[in-house]
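Asks: Listed here are the chains, written in short residue letters.
4 protein chains.
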Amino acid sequence: MAEFPTIQLRVAEAAASCDAAKKILLSDLREREATANGGQAITVQDRITSRRGQAFAVSLAIRATEALNASTGGQGLDVSHPVQRAWRDANAVGRHISMNWDTVGTIFKADKKIALEEHFAIEQTVQDSAGVVPHLYWEELKYRLLDLHERRIREMDENGVELMILSLNAPTVQAIPDEKAAYELSRRANDYLADQIAKRPDRFKGFAALPMQSPELATRELERCVTELGFVGALVNGFSQSQRDGILYYDLPQFRPFWAAVQTLDVPFYLHPRNPLPAHAPIYDGHPWLLGPTWAFGQETAVHALRLMGSGLFDDYPDLKIILGHLGEGLPYSMWRVDNRNAWVETAPNYPAKKRIADYFHANFWLTTSGNFRTQTLVDAILEIGSDRILFSADWPFENVDHAARWFDSASISDNDRIKIGRTNAARLFKFEV
Amino acid sequence: MAEFPTIQLRVAEAAASCDAAKKILLSDLREREATANGGQAITVQDRITSRRGQAFAVSLAIRATEALNASTGGQGLDVSHPVQRAWRDANAVGRHISMNWDTVGTIFKADKKIALEEHFAIEQTVQDSAGVVPHLYWEELKYRLLDLHERRIREMDENGVELMILSLNAPTVQAIPDEKAAYELSRRANDYLADQIAKRPDRFKGFAALPMQSPELATRELERCVTELGFVGALVNGFSQSQRDGILYYDLPQFRPFWAAVQTLDVPFYLHPRNPLPAHAPIYDGHPWLLGPTWAFGQETAVHALRLMGSGLFDDYPDLKIILGHLGEGLPYSMWRVDNRNAWVETAPNYPAKKRIADYFHANFWLTTSGNFRTQTLVDAILEIGSDRILFSADWPFENVDHAARWFDSASISDNDRIKIGRTNAARLFKFEV
Amino acid sequence: MAEFPTIQLRVAEAAASCDAAKKILLSDLREREATANGGQAITVQDRITSRRGQAFAVSLAIRATEALNASTGGQGLDVSHPVQRAWRDANAVGRHISMNWDTVGTIFKADKKIALEEHFAIEQTVQDSAGVVPHLYWEELKYRLLDLHERRIREMDENGVELMILSLNAPTVQAIPDEKAAYELSRRANDYLADQIAKRPDRFKGFAALPMQSPELATRELERCVTELGFVGALVNGFSQSQRDGILYYDLPQFRPFWAAVQTLDVPFYLHPRNPLPAHAPIYDGHPWLLGPTWAFGQETAVHALRLMGSGLFDDYPDLKIILGHLGEGLPYSMWRVDNRNAWVETAPNYPAKKRIADYFHANFWLTTSGNFRTQTLVDAILEIGSDRILFSADWPFENVDHAARWFDSASISDNDRIKIGRTNAARLFKFEV
Amino acid sequence: MAEFPTIQLRVAEAAASCDAAKKILLSDLREREATANGGQAITVQDRITSRRGQAFAVSLAIRATEALNASTGGQGLDVSHPVQRAWRDANAVGRHISMNWDTVGTIFKADKKIALEEHFAIEQTVQDSAGVVPHLYWEELKYRLLDLHERRIREMDENGVELMILSLNAPTVQAIPDEKAAYELSRRANDYLADQIAKRPDRFKGFAALPMQSPELATRELERCVTELGFVGALVNGFSQSQRDGILYYDLPQFRPFWAAVQTLDVPFYLHPRNPLPAHAPIYDGHPWLLGPTWAFGQETAVHALRLMGSGLFDDYPDLKIILGHLGEGLPYSMWRVDNRNAWVETAPNYPAKKRIADYFHANFWLTTSGNFRTQTLVDAILEIGSDRILFSADWPFENVDHAARWFDSASISDNDRIKIGRTNAARLFKFEV
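Residue numbers (my numbering), protein chains in the order written: chain A, 2 to 435; chain B, 2 to 435; chain C, 2 to 435; chain D, 2 to 435.
By construction, these hints were calculated from the structure, which means they are not laboratory data.
Computed from a predicted structure; not experimentally measured.
Some clues are possibly wrong.
[To be verified] Subject to a maximum C-alpha distance of 25 Å in a straight line, what follows is the list of computed DSS-like cross-link-like pairs (lysine-lysine): (1) 432(C) to 432(A); (2) 113(D) to 206(D); (3) 356(C) to 113(C); (4) 206(A) to 143(A); (5) 181(B) to 113(B); (6) 432(A) to 206(A); (7) 206(C) to 432(C); (8) 113(D) to 200(D); (9) 200(D) to 432(B); (10) 355(B) to 113(D); (11) 322(B) to 356(B); (12) 322(D) to 355(D); (13) 113(A) to 355(C); (14) 322(B) to 206(B); (15) 206(B) to 432(B); (16) 432(B) to 113(B); (17) 113(D) to 356(B); (18) 322(A) to 113(A); (19) 356(A) to 113(C); (20) 206(D) to 432(D); (21) 181(C) to 113(C); (22) 432(D) to 322(D); (23) 200(B) to 322(B); (24) 113(A) to 200(A); (25) 322(C) to 355(C); (26) 356(A) to 206(A); (27) 113(B) to 355(D); (28) 206(C) to 113(A); (29) 355(A) to 113(C); (30) 356(D) to 113(B).
Kindly produce the complete structure, drawing on both the sequences and the hints.
Replies: This is how it looks when you write it as structure tokens:
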């Protein structure tokens with residue numbers, strides 16, 4: 002068999018590959034040795050170069066075993082065959098030390114991101130997320146929601162997330178019609194979160210859950226969270242259901258004192274999605290797949306945000322900072338049309354606010370990438386609101402941190418914007434020291 | 002006064018400008034004369050060059066009068082002052098013969114567009130559009146809707162629109178609960194449209210209005226319109242209200258025979274927006290400004306389109322061609338998320354269709370630019386669905402043709418795509434001879 | 002003639018237009034009056050609304066006269082015909098008070114731009130620019146170059162340019178082989194510029210011209226310009242021709258002390274284009290049209306910038322700030338390829354610098370829009386280097402300020418980025434108070 | 002040790018992961034079994050779903066072993082430890098059957114691309130490429146250039162490339178001053194290529210090498226290659242060096258008959274880069290790293306293309322089809338400036354051609370992605386020339402096919418455009434049956 006020309010070719014290729022791999026590794030080692038001997042520091046650039054060299058050597062080794070593998074015929078399929086074993090080892094090494102070409106190309110970009118639509122649950126709230134995934138995945142999701150210090154930290158480490166700002170799962174507090182009960186749950190969740198953050202203040206910050214059913218209690222709890230617990234803002238899951246008042250959107254007049262407090266505390270308010278009540282959106286009847294993140298979340302949250310903008314809220318409190326997830330819940334794509342439909346009609350728009358809707362969107366809103374890992378959409382958002390107002394987020398545990406990070410770390414935007422969106426925009430918005 | 006240095010400078014500048022203008026015009030005339038004397042044809046390029054030269058000359062003349070104007074002091078404000086007069090004349094000429102720099106730069110691009118979300122009304126339907134604009138503008142809108150051969154043709158001529166595919170205003174037929182009445186109105190409107198097209202077959206084509214309250218009657222009317230009246234497709238204003246069946250979206254099973262007929266006739270179906278019934282979308286309560294083109298149209302139509310995609314309709318009738326206006330009613334921005342929310346969950350989606358939603362969107366849908374004259378949005382649409390599936394439209398008379406055309410003719414896309422989106426995509430979709 | 006139905010229709014339309022125009026203006030006046038009577042301030046938004054209403058009224062008036070004009074037949078061509086006169090007046094008004102729809106839509110965006118590749122000449126240098134334009138245009142260009150306080154200020158006012166940073170025309174100082182003569186000319190030009198700035202410190206700042214033939218003299222003159230004359234940086238026209246040393250690019254070792262001084266002074270250095278010497282670029286032989294801004298400028302300046310980056314200059318002086326015009330002289334489009342050609346070859350690049358070329362480009366370079374008023378190109382630049390490092394400029398008088406401003410004010414980028422690129426990036430880079 | 006809570010947690014997680022993996026695989030198998038038992042075909046969609054399920058199961062298995070691995074302490078580092086072994090196996094499987102999440106997401110996109118800047122060498126020409134890579138890599142590159150049926154086909158198979166259009170390496174024929182020798186070498190290379198294509202007509206097509214030193218011989222050889230050898234066009238490596246005539250660019254008058262033949266044969270002409278002669282581009286002196294693909298290739302080829310456009314060639318032969326590699330050698334980014342520098346100067350450009358340069362670029366040019374795997378650049382190219390005129394290519398063996406394919410298959414453009422750029426544009430341009 003060794004006499005077939007094809008086999009000879011493959012063996013030759015394998016040998017050549019091994020040889021080259023050896024040379025590259027040795028040459029690199031020699032260079033590093035010289036640097037070290039010369040008393041010079043090994044720079045970041047040296048490290049990248051070494052890793053790239055190693056990655057290429059590994060890829061040559063893989064190619065060598067593949068070449069041989071292909072030439073072993075049926076025997077090669079036996080997992081105990083030495084060629085198989087060599088191939089498995091080479092692959093494993095390639096994977097283990099993150100040596101593959103793609104990954105190494107981006108290793109230093111991935112560092113030190115801040116993520117801010119990242120959720121947890123407590124025992125009392127975890128069931129609220131049960132319907133989000135098929136039964137088969139519920140155990141996994143539940144584990145992810147309740148976990149804070151094991152898997153979550155590992156995901157962060159593996160994907161270059163330095164800091165997560167944590168928030169309670171949805172809809173939880175917002176779906177409790179009794180305002181006292183909502184208040185109690187908020188306090189319990191916020192206290193729990195504060196305790197957990199205290200264990201890892203280097204990796205976690207907190208958003209307050211708020212009983213918006215009562216603007217007064219919401220205000221009181223926000224003040225407590227910010228001034229006593231050290232939270233950096235609030236995250237609220239869309240409209241609140243109130244026993245007394247029905248469905249509450251936060252453009253309603255009774256919320257103005259709450260917003261006054263938010264402005265005074267000078268912390269961002271994250272408007273997070275929830276589903277509409279079934280009776281309020283019959284358009285989804287017969288199509289439950291359209292609920293949740295697929296579509297209904299976006300519509301619900303976009304309209305809530307538009308209501309805030311049209312209501313004049315930002316004329317009264319021009320320093321409010323509202324965060325929307327999912328690259329803006331569809332708003333950037335259609336924002337021009339909001340202000341410019343029937344543009345030949347020159348009368349003032351029929352809402353109480355004083356400016357164009359886009360003016361508030363550009364001045365009072367920030368968008369995160371949570372759950373919308375689409376470069377085209379990110380670029381459109383950049384061209385509508387500017388890269389200063391976009392913030393990396395994953396939406397863990399409903400979305401994977403690695404999906405978010407791998408996409409973001411190589412998305413086709415400028416590296417300067419990647420640093421801003423990945424980290425420094427958030428640091429500035431939340432006044433973190435970088 | 003003539004002795005002030007500033008005045009002297011201005012007079013000098015004016016004189017220089019006049020002189021240069023004269024030279025340019027003369028030099029251009031001599032060139033053209035030489036061409037003509039030499040028996041050569043005057044090319045399109047010659048014409049552009051001449052016009053650009055003239056434009057520059059005019060701009061110099063304007064500058065000359067402005068320089069003088071500024072130096073006349075208070076007297077210059079008198080409209081009978083000779084400098085004022087000269088300035089007015091220069092400006093008027095500049096405007097009249099479309100000589101200004103911007104316009105001339107694009108004159109040949111603007112030619113020969115096809116527009117396909119362009120509406121008309123008949124006396125029985127015109128009131129349906131009364132609420133769209135403030136009272137002050139209703140007379141204008143009404144005139145625009147009823148007019149076909151005067152203002153409309155002029156708008157087309159002035160803005161390089163060779164052909165309009167006309168459709169009845171909204172919601173009209175779709176809002177008539179009695180199916181017979183809806184059928185009768187459809188027939189009347191379609192007959193009227195056919196008559197009008199017959200007067201200008203070079204400038205107009207027609208979309209059928211259809212009584213979707215009855216799939217059978219809708220099918221019958223569509224067949225009549227296509228085979229007898231020569232219409233090129235249908236435009237339907239969202240869901241239909243049926244006395245018998247309530248709200249009808251067209252993913253419902255009873256519509257499959259209708260879609261079979263659409264596929265057999267091989268004509269596109271334009272899914273046009275309408276507002277939700279107030280009881281069905283309380284999210285807009287207190288915010289009527291969000292209805293219509295501002296926001297509710299998009300949500301209503303996007304969800305209708307998603308229902309069609311998720312229902313498996315395009316598995317059964319894979320050759321259906323659906324057109325959406327307004328650059329896709331928000332779908333392109335969020336399409337990735339529709340298919341990829343919770344991407345770590347590897348189960349099949351919970352809808353009847355066999356493929357990803359995006360697969361149908363890419364294969365069965367076309368988008369028009371109607372009412373969404375935003376380059377960022379257009380670019381995002383191109384990067385989601387490709388320039389082969391985007392078609393110019395204005396949404397006359399609700400939007401201005403000149404707003405649409407001026408934007409489109411200079412939007413920052415490639416000129417090759419401009420030709421496709423402006424004209425040849427539509428020609429191919431509707432099988433027009435170009 | 003008044004009995005023709007077409008004429009009647011047109012007269013009716015004209016009457017309707019006039020009527021609507023009147024109503025809009027009156028209704029607007031009433032609103033403003035109410036505001037004023039109520040003691041409230043008239044807001045910017047009020048002003049926009051009023052202007053838009055007026056613009057629409059004017060457009061109706063124009064339409065009215067056009068309708069009539071078209072109905073006057075041959076008589077209407079007579080310039081003294083009253084309809085002609087009315088049409089001319091309506092057009093003139095439309096133009097005069099900048100009432101047209103497009104302009105008004107952007108009036109407030111245009112304000113307060115800073116432009117920084119804006120040139121002037123003195124008598125000794127003006128001839129250097131003589132070959133740039135055809136003979137016919139030389140008088141105009143010469144006037145523009147020598148003028149500082151008349152036409153230039155008017156262009157700035159009309160186009161929302163608050164501040165110009167002025168620089169001497171090209172190649173001038175760089176093309177003088179004798180270093181003393183180059184030094185003398187630099188001093189003269191810089192002194193003249195300082196005098197002119199002193200007359201309008203609110204509108205002008207200065208870049209130093211530098212005799213780079215001698216690094217020592219260049220350093221000395223830069224220090225004088227910054228510390229004594231208050232200049233904000235330097236603008237140098239590409240390589241210098243030295244009697245003694247031949248062609249000098251600034252990556253050469255003898256320039257390191259100069260760069261040390263630039264870093265110490267902490268002012269930006271604008272690397273402006275010039276043409277290669279004919280003997281050095283025979284590729285353009287027979288194609289003189291490719292010289293200058295058409296192509297050769299870009300190649301010359303891009304390579305000069307690459308030489309700086311590859312030489313390790315920015316390892317030694319990491320705080321240097323280099324500005325390139327024309328959206329980066331082509332670099333952003335090809336920057337990835339510079340670092341990634343033959344990417345399977347894992348050896349270090351064969352230049353002295355320690356990092357990827359892109360790392361320096363992202364950290365040490367800023368780009369201006371001078372002479373490259375192309376949105377596609379601007380967007381690509383944003384996606385390569387980020388909007389923080391792009392700065393508005395026109396390249397007056399070689400390019401028109403109005404061409405630059407009209408393009409930039411409506412380019413399809415976010416308004417937040419427009420403010421940064423238009424003004425605040427420059428303010429931060431040059432440490433102006435905003 | 003089993004009693005540490007952390008270890009317990011990890012074991013629990015591992016167990017849960019294994020369990021979930023098992024369930025997913027079994028559930029999937031049952032579904033497929035049911036499909037098969039029911040006599041239905043297994044669809045592409047079924048296959049994707051299965052693979053995604055498998056991929057997730059594998060990822061769970063990997064996670065399980067990682068969890069255990071982390072808990073084994075120092076012992077786990079021993080390669081013979083069972084946990085290590087399990088981890089290596091899980092990883093190897095994940096890699097082997099392409100099961101990882103990212104890859105599976107795109108497997109069907111990657112199919113059936115056509116690549117057209119793909120080079121080979123013969124013994125006489127292979128040394129021309131020796132300087133392209135460092136010594137260490139030369140053996141690898143040489144092997145890649147000479148190989149046609151082994152590694153090359155494997156690269157194509159692994160990366161979804163159905164067809165390569167092959168061309169001789171550079172500069173080879175163009176660098177042979179003697180026209181007879183150049184002719185002989187062309188014939189030999191073309192004959193060899195024809196023989197190789199005959200062995201795999203399903204995977205290879207050919208571009209002719211041409212002795213452009215003699216327009217007559219080049220014409221004769223092109224005719225032979227197209228009509229006798231079945232080649233689909235020509236690829237020429239930039240200017241030719243002629244003993245008699247010096248440096249020859251193909252806008253020179255003596256090439257018009259050659260171009261007439263190209264138009265008559267109706268085949269594309271690929272203008273491939275080469276380096277300038279050192280004496281002709283002293284700007285690179287001291288910076289050899291700027292030669293070749295890093296920068297000089299682009300400048301050389303862009304100017305050659307501009308010369309063709311400005312010379313009027315395409316006025317005479319309007320059906321010529323020119324292909325440029327590397328996403329257009331920088332031209333799209335700067336094309337607007339080529340036509341619009343000094344736009345206030347309204348005279349005709351000073352070149353012989355009749356139209357704007359961009360008009361020829363849009364009508365006569367196609368661009369490939371060879372060696373420029375940058376999404377930002379691709380998007381800019383799409384927005385300048387349109388997606389109909391962009392073609393996938395790798396530039397093998399100088400660039401890796403997997404680098405090209407992995408980038409292209411997931412670049413953020415529309416899937417519809419991906420199909421066109423990947424395959425159907427080329428099929429239409431070369432009149433292949435698809």
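Asks: Does each hint hold? Answer for all of them.
Replies: Here is what the structure says about each hint:
1. Simply put, residue 432(C) and residue 432(A) have alpha-carbon atoms about 23 Å apart, close enough for the 25 Å limit, and the pair holds.
2. For the proposed pair residue 113(D) and residue 206(D), the alpha carbon gap of about 15 Å is at most 25 Å, so the pair holds.
3. Taking the CA atoms of residue 356(C) and residue 113(C), the gap is about 38 Å. The hint is violated against a cut of 25 Å.
4. Between residue 206(A) and residue 143(A) the CA atoms are separated by roughly 21 Å; this keeps the pair inside 25 Å, and the hint holds.
5. Only pairs whose Cα atoms come within 25 Å are accepted, and residue 181(B) paired with residue 113(B) is rejected, the gap being roughly 39 Å.
6. Among the hinted pairs, residue 432(A) with residue 206(A) is consistent with the structure: their alpha-carbon atoms are about 12 Å apart, no more than 25 Å.
7. With a C-alpha separation of about 12 Å, the suggested pairing of residue 206(C) with residue 432(C) holds against the 25 Å cut-off.
8. For the suggested pair residue 113(D) and residue 200(D), the alpha carbons sit about 19 Å apart, so the restraint of at most 25 Å is met.
9. The suggested pairing of residue 200(D) with residue 432(B) is violated, with an alpha-carbon distance near 42 Å, which exceeds 25 Å.
10. A distance of roughly 23 Å separates the Cα atoms of residue 355(B) and residue 113(D); the hinted pair therefore holds under the 25 Å criterion.
11. Taken as a hint, the residue 322(B) and residue 356(B) pair is honoured in the structure, with Cα atoms around 17 Å apart against an allowance of 25 Å.
12. At roughly 18 Å between alpha-carbon atoms, residue 322(D) and residue 355(D) fall within 25 Å of each other, so this suggested pair holds.
13. About 23 Å separates the Cα atoms of residue 113(A) and residue 355(C), which keeps this hinted pair within 25 Å; it holds.
14. At most 25 Å may separate the alpha-carbon atoms for a hinted pair to count; residue 322(B) and residue 206(B) meet this at roughly 18 Å.
15. Among the hinted pairs, residue 206(B) with residue 432(B) is consistent with the structure: their alpha-carbon atoms are about 12 Å apart, no more than 25 Å.
16. Under the criterion of a C-alpha separation no larger than 25 Å, the hint pairing residue 432(B) with residue 113(B) is consistent with the structure, at around 16 Å.
17. At most 25 Å may separate the alpha-carbon atoms for a hinted pair to count; residue 113(D) and residue 356(B) meet this at roughly 21 Å.
18. Between residue 322(A) and residue 113(A), the direct Cα distance comes to roughly 23 Å. Compliance with the 25 Å bound is thereby established for this hinted pair.
19. In summary, the hint linking residue 356(A) to residue 113(C) is supported, as the alpha carbons are separated by about 21 Å, within the 25 Å threshold.
20. A hinted pair counts as satisfied when its Cα atoms are at most 25 Å apart, and residue 206(D) with residue 432(D) qualifies at roughly 12 Å.
21. At most 25 Å may separate the alpha-carbon atoms for a hinted pair to count; residue 181(C) and residue 113(C) exceed this at roughly 39 Å.
22. Among the hinted pairs, residue 432(D) with residue 322(D) is consistent with the structure: their alpha-carbon atoms are about 13 Å apart, no more than 25 Å.
23. Proposed proximity of residue 200(B) and residue 322(B) is contradicted: the alpha carbons are some 28 Å apart, above 25 Å.
24. Restraint check: the Cα-Cα separation between residue 113(A) and residue 200(A) comes to about 19 Å, which is no more than 25 Å; the hinted pair holds.
25. Between residue 322(C) and residue 355(C) the alpha-carbon distance is near 18 Å, which keeps this suggested pair within the 25 Å criterion.
26. The hinted pair formed by residue 356(A) and residue 206(A) fails the criterion: a straight-line CA distance of about 35 Å is larger than 25 Å.
27. The hinted pair formed by residue 113(B) and residue 355(D) meets the criterion: a straight-line CA distance of about 23 Å does not exceed 25 Å.
28. About 40 Å separates the Cα atoms of residue 206(C) and residue 113(A), which puts this hinted pair outside 25 Å; it is violated.
29. A hinted pair counts as satisfied when its Cα atoms are at most 25 Å apart, and residue 355(A) with residue 113(C) qualifies at roughly 23 Å.
30. For the hint pairing residue 356(D) with residue 113(B), the CA-to-CA distance comes to about 21 Å; that is within 25 Å, so the pair holds.
The structure shown violates the earlier hints numbered 3, 5, 9, 21, 23, 26 and 28.
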